[in-house]
Structure formats: C-alpha cells, structure tokens
Amino acid sequence: MKTKLLIAGLAIAVPFLLSSCGSDAPPVTKAAVTTPGVLVEDAWVRATVGSKDTTMTAAFMSLTNPGSTDISLTSATSPVAGMVQLHEMAMKDGKMVMQEKAGGIKVPAGSHAHLAPSGDHVMLMGLKRALKPGDEVPITLKFSDGSTHDLTVPVKAFTEGEEHYHPSTTPSPTR
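Take this note's numbering: the final residue in the sequence shown is number 175, and no numbers are missing along the way.
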C-alpha cells in the first residue's frame, strides 16, 4: 500500500519538479488588460411578411460601452439588403420623420445606447427577399474605434399597428 502511495505521489510531483528546472525561455508575462469595445445585446430585425412594403425593415439592439471613451456606431452592412443606413426619428416641420443619422449613433463611455422602434435604428433597404419570423439576418456593425461586430440576428414579428419604417414623403427643405 505504501508503495502505491509513493508511486502516485511521484507521478504527481515529478512533472511539476521537472517543469521548474532551469530553462532559457523568458518568463511568460500577461498581456495588458484591455477593455472590450462596444457590447451588442438583444439584437433583432423586424419581419417584413405582412407589411405594406417588404423592401425595407429595421434592426434594433442594445449597445453598451464599458470603456472610458465615447464610441460611435458609424455604419452597418448586410448581404440581405442593397443599402444599410443608420437612422433616427426626428421632428421636422411639426411631423415625426425618419432620416439618416449624421455622425452615427453615439455610445457614451460607461453607458449604453438603445436602438429601438421610434428611435435610432439600423435601416435595411432594398431587401433581396421578404423576412419572416424565425429567419436570421447577418449584419456587420462598424464602430469609430475600428472594431466590428459580425452578428446573426433573429427576425421577429412586430405587431404595433402604428409603427412604420418608411421615409417621409414630405420633401425636406434645403438650407
């Protein structure tokens, strides 16, 4: 019995002892800890099945910036759309209109930005196919810090009857 315990103890100790023997290799140092870029959560795309215009839709999500520097979502792409833009809802001439968001969508340091219906969103236009609940849409987000996020976003039904994602037909005044 003592022999078995001695052999088991040596089996554990010998590799450990050998690994601590002299080596010319420099000690391993840990890389500097970096704060991750923007975190993306709860992303989804509005289904087009049953909508009046199946050529466009929007993607929504929560963006969290754990860092100490503001970062902006500057652009997005998707192979299911001919064009992708960052949009906002804004008041113009007493009417709420959807428009491209100049400068992107800011995600403040240590805070978050919510892309939601009736607010900032990723607009997918010139869709190559109708999107139904259960489909998945690839989207790549690009940020001002040079980072990108490749997402596979679920398509969900959106039932709020008054919500729409169609550009205003009212011409914008030029200034």
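If you're looking for bench data, these hints aren't it; they were derived computationally from the structure.
A few of these clues could be false.
Stated by the list, open to error - Mimicking DSS-like on lysine-lysine, the simulated pairs with C-alpha atoms at most 30 Å apart in a straight line are: (1) K101 / K156; (2) K132 / K101; (3) K128 / K52; (4) K95 / K106; (5) K95 / K52; (6) K156 / K106.
Hints, one by one, checked against the model:
1. Between K101 and K156 the CA atoms are separated by roughly 24 Å; this keeps the pair inside 30 Å, and the hint holds.
2. Of the supplied pair hints, the one linking K132 and K101 holds, its CA atoms being roughly 27 Å apart against a limit of 30 Å.
3. The straight-line distance between the Cα atoms of K128 and K52 is roughly 16 Å, inside the 30 Å bound, and the hint therefore holds.
4. Our distance criterion of 30 Å between C-alpha atoms is met by K95 and K106, whose separation comes to about 24 Å.
5. Taken as a hint, the K95 and K52 pair is honoured in the structure, with Cα atoms around 21 Å apart against an allowance of 30 Å.
6. A distance of roughly 25 Å separates the Cα atoms of K156 and K106; the hinted pair therefore holds under the 30 Å criterion.
Against the hints set out earlier in the document, no violation occurs for any number.
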